[in-house]
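Asker: Residue-level listing of the chains:
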Amino acid sequence: MNPTVGWIRSLAQDWGVPNALVPLVPFLLLLIGLYAVIALAAYLARRKWPRADKTIAFWLFVSPWLIGFCLFTIGPIASSIYVSLTSWDLITPPRFVGLANYTEAFQDPKVAQALKVTLLYAVVSVPLQTVLAFLVALLLNTDLPGMRLFRTIWYLPSLVSGVAQMVLFLWVFNPQYGLMNDVLGRFGIAGPGWFNDAGWALPTVILMSLWTIGGAMVIYLAGLKDVPSNLYEAAALDGAGAVRQFWHLTLPQMSPIILFNALTGIIGSLQIFTQGFIANGGPKDSLLFFVYYLYDNAFQNFRMGYASALAWILFVVILALTAVTLRGSAFAVYYETELSRKRRRR
Amino acid sequence: MTAVAEPLVLRADRPFWRRNLTLTVVLYVVLALGSLVFVYPFLWMLATSLRSLAGVGSSGASVVPHEFLWDNYRRAVTSFPFWRYALNSVLTTLIPIAGTVFSCSLAGFAFARLQVRFAGVLFAVVLATMLLPGEVTMVPQFMLFNNFGMVDTLYPLILPAFFGSPFYIFLFRQFFARMPGELADAAVVDGCGWFKMFLLVYLPLARPAVVAVSILLFMGYWNNFLGPAIYINSDQWKTLPLALAGFQSVNGTDTPLLMATSVLITIPCVLIFFAAQKQLTDGITFTGGK
Numbered sequence: 001m002n003p004t005v006g007w008i009r010s011l012a013q014d015w016g017v018p019n020a021l022v023p024l025v026p027f028l029l030l031l032i033g034l035y036a037v038i039a040l041a042a043y044l045a046r047r048k049w050p051r052a053d054k055t056i057a058f059w060l061f062v063s064p065w066l067i068g069f070c071l072f073t074i075g076p077i078a079s080s081i082y083v084s085l086t087s088w089d090l091i092t093p094p095r096f097v098g099l100a101n102y103t104e105a106f107q108d109p110k111v112a113q114a115l116k117v118t119l120l121y122a123v124v125s126v127p128l129q130t131v132l133a134f135l136v137a138l139l140l141n142t143d144l145p146g147m148r149l150f151r152t153i154w155y156l157p158s159l160v161s162g163v164a165q166m167v168l169f170l171w172v173f174n175p176q177y178g179l180m181n182d183v184l185g186r187f188g189i190a191g192p193g194w195f196n197d198a199g200w201a202l203p204t205v206i207l208m209s210l211w212t213i214g215g216a217m218v219i220y221l222a223g224l225k226d227v228p229s230n231l232y233e234a235a236a237l238d239g240a241g242a243v244r245q246f247w248h249l250t251l252p253q254m255s256p257i258i259l260f261n262a263l264t265g266i267i268g269s270l271q272i273f274t275q276g277f278i279a280n281g282g283p284k285d286s287l288l289f290f291v292y293y294l295y296d297n298a299f300q301n302f303r304m305g306y307a308s309a310l311a312w313i314l315f316v317v318i319l320a321l322t323a324v325t326l327r328g329s330a331f332a333v334y335y336e337t338e339l340s341r342k343r344r345r346r
Numbered sequence: 001m002t003a004v005a006e007p008l009v010l011r012a013d014r015p016f017w018r019r020n021l022t023l024t025v026v027l028y029v030v031l032a033l034g035s036l037v038f039v040y041p042f043l044w045m046l047a048t049s050l051r052s053l054a055g056v057g058s059s060g061a062s063v064v065p066h067e068f069l070w071d072n073y074r075r076a077v078t079s080f081p082f083w084r085y086a087l088n089s090v091l092t093t094l095i096p097i098a099g100t101v102f103s104c105s106l107a108g109f110a111f112a113r114l115q116v117r118f119a120g121v122l123f124a125v126v127l128a129t130m131l132l133p134g135e136v137t138m139v140p141q142f143m144l145f146n147n148f149g150m151v152d153t154l155y156p157l158i159l160p161a162f163f164g165s166p167f168y169i170f171l172f173r174q175f176f177a178r179m180p181g182e183l184a185d186a187a188v189v190d191g192c193g194w195f196k197m198f199l200l201v202y203l204p205l206a207r208p209a210v211v212a213v214s215i216l217l218f219m220g221y222w223n224n225f226l227g228p229a230i231y232i233n234s235d236q237w238k239t240l241p242l243a244l245a246g247f248q249s250v251n252g253t254d255t256p257l258l259m260a261t262s263v264l265i266t267i268p269c270v271l272i273f274f275a276a277q278k279q280l281t282d283g284i285t286f287t288g289g290k
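Chains as they are written, first to last, in full-length UniProt numbering: chain C, 1 to 346; chain V, 1 to 290.
Next up, chain C with everything else stripped away, as it sits in the complex:
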């Protein structure tokens, strides 16, 4: 704890602030101080430029975000870069070690394993989820009676919390008592060890991730509703069948949404944590996801410097994969604005 903060806290305790609120006092004081400065600045600006009320209002309105941005984003980014160049256990003062954390990370077999597991998960599960969710959305977009019920059923698993989900699936995939092997057994198939088997643990998590495609599916459904129906009518008049309508109309119209889902899917999958945590990294580190290893270093071993270096490595990986996806999809994604721009030129 910062000594000033400690001093303010003891003052607050002396003044009889309830114990549960004491940790809040130093933070509130900082906030009050900040807002006193902001209010003074706004007052002075108002006297100097009486007609600038819109500008003043704008800056006041965004001030919560702006303070948060400095306090929780820019500040941490700057200090994260610095901390990643130090060795620090939170107790003794940080010791500057240069790039040692990064060189260590590149030689750490666990980092290699974590990267391998995480990338494999992302590369396999994201395309699977994207395609499956899209197909399901197409299926659920037909106007059959009772479709609302089906949509609800397919969305429901997305409401289950990550922990409850993992707890549930640890038992669904339990080799002895589990649902999966019982079902497989009825078809005469001897099921694998799933989470208990180092070779099967990751495929099991990927399989499990398909259960929650509901979130992406809902976004596709919304997009499918937005495709103008007169386009389909025109296509039908031109004699295009269902298959051609799909390839030449639905798919191009939906491509920005597919890209959106793929991108959020990639970013999300690289940040997978809960599954690895609950499974304790899985047998033989088969579920040692990158964020789990980062967490382990920071909050179990208190190697803050090393963990910060890992965070930056993760950032670079996410950036790279996002860039590759954006680049690779540039030719395949169709935007409405492109068409209108062409029209305007004409």
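In short, the hints are calculated from the structure, not lab data. Treat the numbers as computed from the prediction; the structure is a model and nothing was measured. Misleading hints may appear alongside valid ones.
[Stated by the list, open to error] Capping the alpha-carbon separation at 30 Å, the derived lysine-lysine pairs in DSS-like fashion look like this:
1) C/K110 <-> C/K284
2) C/K225 <-> V/K278
3) C/K284 <-> C/K116
4) C/K48 <-> V/K196
5) V/K196 <-> C/K54
Once you have looked at the hints, place chain V on chain C.
Answerer: Just chain V, lined up with the frame of chain C:
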């Protein structure tokens, strides 16, 4: 001539399931099988939560309720401080929702309606921070809260919400930008200040957005696991997901109890989903679609 072109158009207003019976039957079969796959683990979770420990070992994939041990639920809320954890979960869900809605609607309104110099640049910054993974700021944020002596309290899970989140700022901006500007002009003529205008004119009109955002936030905060896993050590401040995770490792063999607890954690999300299904789908429509 007309016989070729007309039927296609005319048939469009006749539901296709009357036209093509085979396809309809195939679709229903696929839908039913798929639904079974999606709903079966749920039913299994429910059935298992009502079984005895011996019953779990012998019943395998069956979801037929042979026994109804409602006592599992009583044990789930009494064998560990369930209500204490539930209270922590409620506190770290409802207060952050209020905080996020407040800060993000305010900023979103400013970006949509108060076009001043640098607003565009600042909005680009907001969008850029959406790309930054939370992991990069995770460790230094922990140090910040550690400096403030807030580790192992609920504050690190609550306070950041009051300082906006780029995704929801973006959402509110999109919503406010689509509202007519004449409202603002009328309010200005009536001598309304900007804050009053936001609070009395625009925010009430943004109710659908507020509701949708609140529901999305509820799912996020209620199920949040990484945050509590980082900041909470002592038993008294654990939230339900964190308690369940600890429970899983300590008491891994008492499956019925684990399942009962999982069901209890899931129920609020399912209830809220059913209560606000329409608002949620509308909300997601303007999240993902445009």
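Asker: All hints are to be evaluated individually against the structure, with a verdict given for each.
Answerer: Going through the hints against the structure:
1. C/K110 <-> C/K284: holds (11 Å)
2. C/K225 <-> V/K278: holds (15 Å)
3. C/K284 <-> C/K116: holds (13 Å)
4. C/K48 <-> V/K196: holds (23 Å)
5. V/K196 <-> C/K54: Distance ~13 Å between V/K196 and C/K54 Cα, so the pair holds.
Violated hints are absent here; each numbered hint is respected by the structure.
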